[in-house]
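Line by line, the protein sequences give chains F and W. Under my numbering, the residue at position 77 of the first sequence is numbered 77, and the numbers go up by one with no gaps. Heads up: take any position in the second sequence, counting from 1, add 274, and you land on my numbering.
Derived by calculation from the structure, the hints in this document are not laboratory data. Only a predicted model underlies this, so the values are computations on that prediction, with no experimental measurement involved. Any given hint could be a false lead.
List of simulated lysine to aspartate or glutamate pairs, DMTMM-like, C-alpha gap at most 20 Å [to be verified]: (1) F:Lys-104 to W:Asp-467; (2) F:Lys-29 to W:Glu-441; (3) W:Lys-447 to W:Glu-461; (4) F:Lys-29 to W:Asp-467; (5) F:Lys-29 to F:Glu-41; (6) W:Lys-447 to W:Asp-467; (7) F:Lys-104 to F:Glu-41; (8) F:Lys-104 to F:Glu-169; (9) W:Lys-543 to W:Glu-461; (10) W:Lys-543 to F:Glu-169.
These are the residues of each chain, in order.
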Amino acid sequence: MTAVAKPAGTDAARPSLWGRFAGSRFLVKLTFGILILGVWEIGVRNFAAPFVARPLRVAEVFPTVIADLAYWEATWSTLWAVIIGLAIAMVLGTLIGLLMGRVKIADRMLDFYVNGFYAMPMIAALPLLTVWFGYSEEARLATVVFAALFSVVINVSDGARSVPREHLEVAAAYRANRRSVWFDITLMSALPYLIAGVRLAAGRALVGAVLAEIFASIEGQGMYILANARGLQQNEAVVGVLMLAAFGLSFDALMNAVLRKWFPWYRRDEGRGK
Amino acid sequence: MFTSDSRSARIAQVCLSLFIGLAIWEIAGWQFNAAHMAPVFGSDVGVTRWIAELIAGGATLEEHPGTIPRLIDFAQEGDFFLALGQSLGLFCTGFGIAMLIGLPLGILMARLRLMRIGLESYILGLYATPMAALIPFILSIFGFQFWPKVIVVVLFSVFPILYNTLEGARSLKPEMIEVARAFRSSERRIWVDILIPYTLPFALTGIRQAIGRALVGMVAAEIFLNNTGLGGWLVDSSRSFDMAGVLGAIIVTTLIGVFLMGIVRRLEKRFAAWRGTAG
Numbered sequence: 001m002t003a004v005a006k007p008a009g010t011d012a013a014r015p016s017l018w019g020r021f022a023g024s025r026f027l028v029k030l031t032f033g034i035l036i037l038g039v040w041e042i043g044v045r046n047f048a049a050p051f052v053a054r055p056l057r058v059a060e061v062f063p064t065v066i067a068d069l070a071y072w073e074a075t076w077s078t079l080w081a082v083i084i085g086l087a088i089a090m091v092l093g094t095l096i097g098l099l100m101g102r103v104k105i106a107d108r109m110l111d112f113y114v115n116g117f118y119a120m121p122m123i124a125a126l127p128l129l130t131v132w133f134g135y136s137e138e139a140r141l142a143t144v145v146f147a148a149l150f151s152v153v154i155n156v157s158d159g160a161r162s163v164p165r166e167h168l169e170v171a172a173a174y175r176a177n178r179r180s181v182w183f184d185i186t187l188m189s190a191l192p193y194l195i196a197g198v199r200l201a202a203g204r205a206l207v208g209a210v211l212a213e214i215f216a217s218i219e220g221q222g223m224y225i226l227a228n229a230r231g232l233q234q235n236e237a238v239v240g241v242l243m244l245a246a247f248g249l250s251f252d253a254l255m256n257a258v259l260r261k262w263f264p265w266y267r268r269d270e271g272r273g274k
Numbered sequence: 275m276f277t278s279d280s281r282s283a284r285i286a287q288v289c290l291s292l293f294i295g296l297a298i299w300e301i302a303g304w305q306f307n308a309a310h311m312a313p314v315f316g317s318d319v320g321v322t323r324w325i326a327e328l329i330a331g332g333a334t335l336e337e338h339p340g341t342i343p344r345l346i347d348f349a350q351e352g353d354f355f356l357a358l359g360q361s362l363g364l365f366c367t368g369f370g371i372a373m374l375i376g377l378p379l380g381i382l383m384a385r386l387r388l389m390r391i392g393l394e395s396y397i398l399g400l401y402a403t404p405m406a407a408l409i410p411f412i413l414s415i416f417g418f419q420f421w422p423k424v425i426v427v428v429l430f431s432v433f434p435i436l437y438n439t440l441e442g443a444r445s446l447k448p449e450m451i452e453v454a455r456a457f458r459s460s461e462r463r464i465w466v467d468i469l470i471p472y473t474l475p476f477a478l479t480g481i482r483q484a485i486g487r488a489l490v491g492m493v494a495a496e497i498f499l500n501n502t503g504l505g506g507w508l509v510d511s512s513r514s515f516d517m518a519g520v521l522g523a524i525i526v527t528t529l530i531g532v533f534l535m536g537i538v539r540r541l542e543k544r545f546a547a548w549r550g551t552a553g
């Protein structure tokens with residue numbers, strides 16, 4: 001959307017001040033941002049306990065937190081778990097998804113379970129996973145994989161199912177071998193679906209990692225936030241939340257950019273995500 | 275039979291897949307330590323013990339309480355319905371508030387250009403923020419009673435509803451409003467006759483996404499704030515290594531999710547025709 005509304009007084013040679021303001025998206029966003037922060041600041045100052053986070057104090061502690069090694073260690077620990085978990089979920093999910101998309105028996109046998117696990121609130125699996133893997137980083141990794149896997153499976157199987165019939169017929173006509181049919185045709189046409197699935201999975205994976213850290217007291221950004229919020233250092237904790245939000249947003253933007261650059265034909269309703 | 279699409283064949287396929295899954299679960303449940311895994315039926319059903327001992331080479335296996343018998347026990351004690359009621363009460367209150375905020379605000383934002391431009395990016399940012407990270411704040415600011423838990427559920431679910439409603443209402447062709455204007459429709463009639471019906475299917479998509487998140491929020495609130503409802507049952511069971519209880523709680527929560535999402539999916543199909551060509 002690049003269309004900018006016409007300034008209020010189009011007939012005038014110079015638009016009015018209001019017209020110029022309303023015409024600039026940046027100014028409007030900035031004003032609303034300042035308004036939100038202002039309400040937050042004033043509201044907390046007047047109506048909340050002194051330890052509650054407010055924007056000015058967050059800005060104040062920001063440099064200290066950023067210079068703190070523990071903050072970066074916590075961030076790295078969480079992000080690494082999310083990245084490794086996503087990678088595992090991607091490989092596993094692609095295999096299962098391709099199988100379900102192209103082999104009817106596999107689809108009929110697994111469909112029920114994939115949809116069931118997809119609908120299952122991942123946090124419910126957390127107590128079970130901590131019993132199996134201990135209160136350890138493996139439990140967090142397992143949570144991340146579990147949270148991410150099924151959106152990848154569902155998307156990839158949708159993708160594999162929607163391979164154009166003509167492509168398969170041409171491949172058969174030219175006697176393409178099985179490997180080419182599976183990897184050069186099916187996987188390639190499912191690729192944009194895979195990326196869309198990974199984009200959805202990343203959000204769930206991040207939530208999973210944070211929940212696992214809080215639940216099992218595993219070192220990471222979730223634990224960093226919990227420890228600071230408990231120690232009445234909410235402003236420091238807010239900086240942690242900002243890092244998680246930044247990661248969520250930038251991963252989303254990255255996947256969107258990949259889709260737009262390499263798979264410009266890919267467009268579909270994104271109703272399946274959570 | 276495996277690839278047939280007829281109705282009876284499909285039912286048979288689902289039954290077969292269920293049977294295989296249950297069999298694997300039952301056998302796995304018997305193989306592991308009772309503190310790590312529970313079978314479906316367990317010791318209370320003699321046949322499965324016999325089969326499990328046959329697989330184990332005739333050894334006598336320790337008691338393995340089963341998940342289904344555990345659920346039945348729990349239901350007979352009445353605790354189950356108490357927990358279910360607590361959880362559903364929390365879910366419905368939180369989700370209701372999220373809808374009351376998200377739906378009108380979404381349409382309003384599509385209608386007021388300045389407000390949309392001003393708030394859109396921030397809403398997208400909050401949508402991408404893992405709300406789980408805000409639980410510690412809620413705990414230390416508001417405590418751990420019923421209403422703080424409701425806040426958690428609202429936070430988890432309001433943004434998908436708001437965002438989808440906004441995007442849906444925005445995709446309305448401006449010509450429709452212009453025609454209504456030309457016929458001197460009042461703002462109220464524009465909402466009732468155009469905006470709300472047009473946005474409904476998009477909002478339903480958001481609501482379905484939000485159900486999954488709200489359930490996560492519900493269980494998270496019950497685990498991390500004070501232990502009540504299904505989440506409380508889940509944690510209590512896992513603390514006492516009652517794996518049958520843990521699996522039972524997981525199954526019940528999952529069933530709630532599947533059931534609610536199924537209803538909304540049906541509504542979505544019902545109203546799908548309302549999506550204009552833009553949808």
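Here's how the hints hold up against the structure:
Distance hint between F:Lys-104 and W:Asp-467 is unfulfilled; the C-alpha atoms sit about 45 Å from each other, more than 20 Å. The straight-line distance between the Cα atoms of F:Lys-29 and W:Glu-441 is roughly 18 Å, inside the 20 Å bound, and the hint therefore holds. For the given pair, W:Lys-447 sits about 16 Å from W:Glu-461 by alpha-carbon distance, which is consistent with the 20 Å threshold. Taking the CA atoms of F:Lys-29 and W:Asp-467, the gap is about 31 Å. The hint is violated against a cut of 20 Å.
Of the pairs offered as hints, the one joining F:Lys-29 and F:Glu-41 holds, with about 18 Å between alpha carbons and a cut-off of 20 Å not exceeded. Simply put, W:Lys-447 and W:Asp-467 have alpha-carbon atoms about 14 Å apart, close enough for the 20 Å limit, and the pair holds. Between the alpha carbons of F:Lys-104 and F:Glu-41 the distance comes to roughly 58 Å, so the proposed pair goes past 20 Å and is violated. This hinted pair checks out: F:Lys-104 and F:Glu-169 have alpha carbons roughly 18 Å apart, not beyond 20 Å.
For the suggested pair W:Lys-543 and W:Glu-461, the alpha carbons sit about 29 Å apart, so the restraint of at most 20 Å is broken. For the hint linking W:Lys-543 to F:Glu-169, the alpha-carbon distance of about 33 Å lies beyond 20 Å, and the restraint is violated.
Figure legend: structure checked against the earlier numbered hints; hints not met, in rising order: 1, 4, 7, 9 and 10.
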